[in-house]
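Asks: Sequence:
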Amino acid sequence: MAARRVLEAAASAGCSHCRTSVLKLFLTPTAPYITSRVNTAARRLAFSAPALRRFSSAAVRPLSSEPGKSQSPQETDPEAEIAEDGQVADSQEAEVPWYLQVEPPTHAPVAEPPPLPEIPADSPAILQSLLEYASEEMGLEELSLLDLRELNPPAALGPNLFMLFGNARSERHLHVSASRLVRWLRYQHKVHADADGLLGPNERKTKLRRKAKRAKLLGTMGTDDADDGISTGWICVNLGTLNRSGDSSTVVAEDGRVAGFGISQKGSTVVVQIMTEARRAELGLETLWQRSLERQALQNSQKETANPVTGITAPGQSSITHPPTRPHLPSHKTPGASGLAATQSKSMSTSSTVGSDRVTPAPSGTAFDIHLKELSQQLVDNGGEKLRTLELLHTHIHQATPQEMKEMLTSSAFDRLLTLATQGVPSQYTWSLRLALECRGRQLRLASYSGIHNIKTLITQYRTDAILASREQCLDILSCIYSSSDAALLEKNAAALDLLDTLQLRSQNVIANDVIVAIIEAISLDGDAGAVAKALQTRLENLLVHARLPYMGEDLLIKLLSTYARQRNWERFWEVWRMPPQHMQPRSQDLYLYLYHLMASTKSPVLCASALRRCVPEMLKENPPVHPTHRVRDAILQCVHRADPLAVEHAMHLPADSGSPGTLAMANREFVRLVRSILPST
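Everything in the sequence shown is counted per the numbering used here, starting at 1 for the first residue and increasing by one.
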């Protein structure tokens, strides 16, 4: 009866928890609430307290294997203790739910900032705080500090110069960090620094807004490469000369002239160069200043090794200073006609002591080799003649005739002279000379100057030694690359891409008319050009058309016309001839003269007749028109002679209104009438 009432009460309960509680009231008469509280406390202890391992075995007293005998603490079984600890830990881990089993947090290792550059001794006190601020607050990377106090005379920036270099992450970071640096110097150190290239926030926004508006109007979408004064990538913060005393003055030499740049020789100058990574790699200012320090150290060492009485350098020491004497490089021309001898006094005007301007008689044959050997012996005995000899060689290469150059380049004495003159001299003094030799050797088709190894060396030095080469010299390198006979086209392309990448890093345009024309011209000079080279030329021609480049000018136009005339590709020849009208540019008289002389040199009546029919009417429609007078008339008559040998004679002797039908037909032929129209009336 009681069980029935219990079941009815349990069934009438609303939820399962209530029914379970009612059942426990009647089925467990021994204090259920006390048991429940004990279990709850045990659970809370299991949740909060981690599993502890007993390091003492005194509390564990297992039953001995023998009855009536207890086990001492020293005889406790360690395996049993480990097993018991494992069971306790497992039981406690089993009671902890999965969402409470959280591992302790692990913190990622903090990256330490790169070390700051070492500060030289006797430096201004501001350098330490400046380095820390540039690294921590400004966030500049790749910090480097140059100590330029050894320069004599001092740099134009100031005496005792310290130059700090740092990389900015972007153009915006460049301007923001430079602006903060100027304000920090003014408020913290009372230093009013000058920041060249810095744009204020409002000025930068205004210029960017104007640039975007101008690009929208022109339809360029901001893709023009013009220097807008915004993306400079370089800000120079000059702190000025610090710790300058009031009694400092300029240094005056014995002759009364101001030494150095006329600046104070006391105090220290600090300059911060902030650049983007690409701009820093392009300029190479650190390399430039480091070389200045190396040259200064070399001059100091030479002064120390020189005899203080005579001023002669000790044996075995090579000097690149200008001595009072001059070497004279002979020429095959007469003394009065020698361009090298005539320009010696002009090119050597920097010498402090000038001797007599005598000119060595021009030897020939073996006498020329003997003279080169004598000059080589002078270089062995006196290392100071090297720079002067290199300058004379460079001048002679550009003025010598092809026959003179061929004899000189094939001479063993010249090889020995060149080796002695370039030995121990930095690459920036020999780079232009070696490139000129490579170009002239390839023009003369000498086997010793047809390889690509020397050209690769020149490209590497141009990139790593920060050599200041002109664009014409870079185009000469491209021509030398594709005119090399000992390399495959893939190797030539790799060398050319290496050079073009360096040009692009130096902010020079590589997709340009002169670059494309130089490569096409060099490919045409290779008589054994295969199908792959011709395919490359076709791609370059398509690039020249589809890149929408500006008008290339008549110099490049003449090179391209010569290239297609050499390849006998007359279809492309006339396409190039039509380029000036397509760009709304007139053709000059020189261009028409070149065309008529070129066609006359082919000795082809068909080509000459085609050129006359096409070009004579066009030259009269130019703006301004090119009239057939003097040289132009003579060039036209040469083409007429190739197209119709009797046209000039018939025009001079046969009247246009002759009564005879045969004579009338000859008198009214096409080129006879053309000759009659350009000849002056008599």
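Since the hints were derived computationally from the structure, they do not count as laboratory data.
Keep in mind that this is a model prediction, so the values were computed, not measured.
Among these hints, one or two may not hold up.
[To be verified] List of simulated lysine-lysine pairs, DSSO-like, C-alpha gap at most 30 Å:
1) 406 to 456
2) 456 to 621
3) 213 to 266
4) 190 to 211
5) 216 to 205
6) 603 to 559
7) 534 to 456
8) 190 to 216
9) 406 to 559
10) 190 to 205
11) 621 to 534
12) 621 to 559
Asks: Are the hints correct? Go through all of them and say.
Replies: Hints versus structure:
no. : hint       : result
1   : 406 to 456 : holds, 24 Å
2   : 456 to 621 : violated, 49 Å
3   : 213 to 266 : violated, 50 Å
4   : 190 to 211 : violated, 36 Å
5   : 216 to 205 : holds, 16 Å
6   : 603 to 559 : holds, 20 Å
7   : 534 to 456 : holds, 23 Å
8   : 190 to 216 : violated, 44 Å
9   : 406 to 559 : holds, 25 Å
10  : 190 to 205 : holds, 29 Å
11  : 621 to 534 : violated, 36 Å
12  : 621 to 559 : holds, 24 Å
When each numbered hint is compared with the structure, violations occur for hints 2, 3, 4, 8 and 11.
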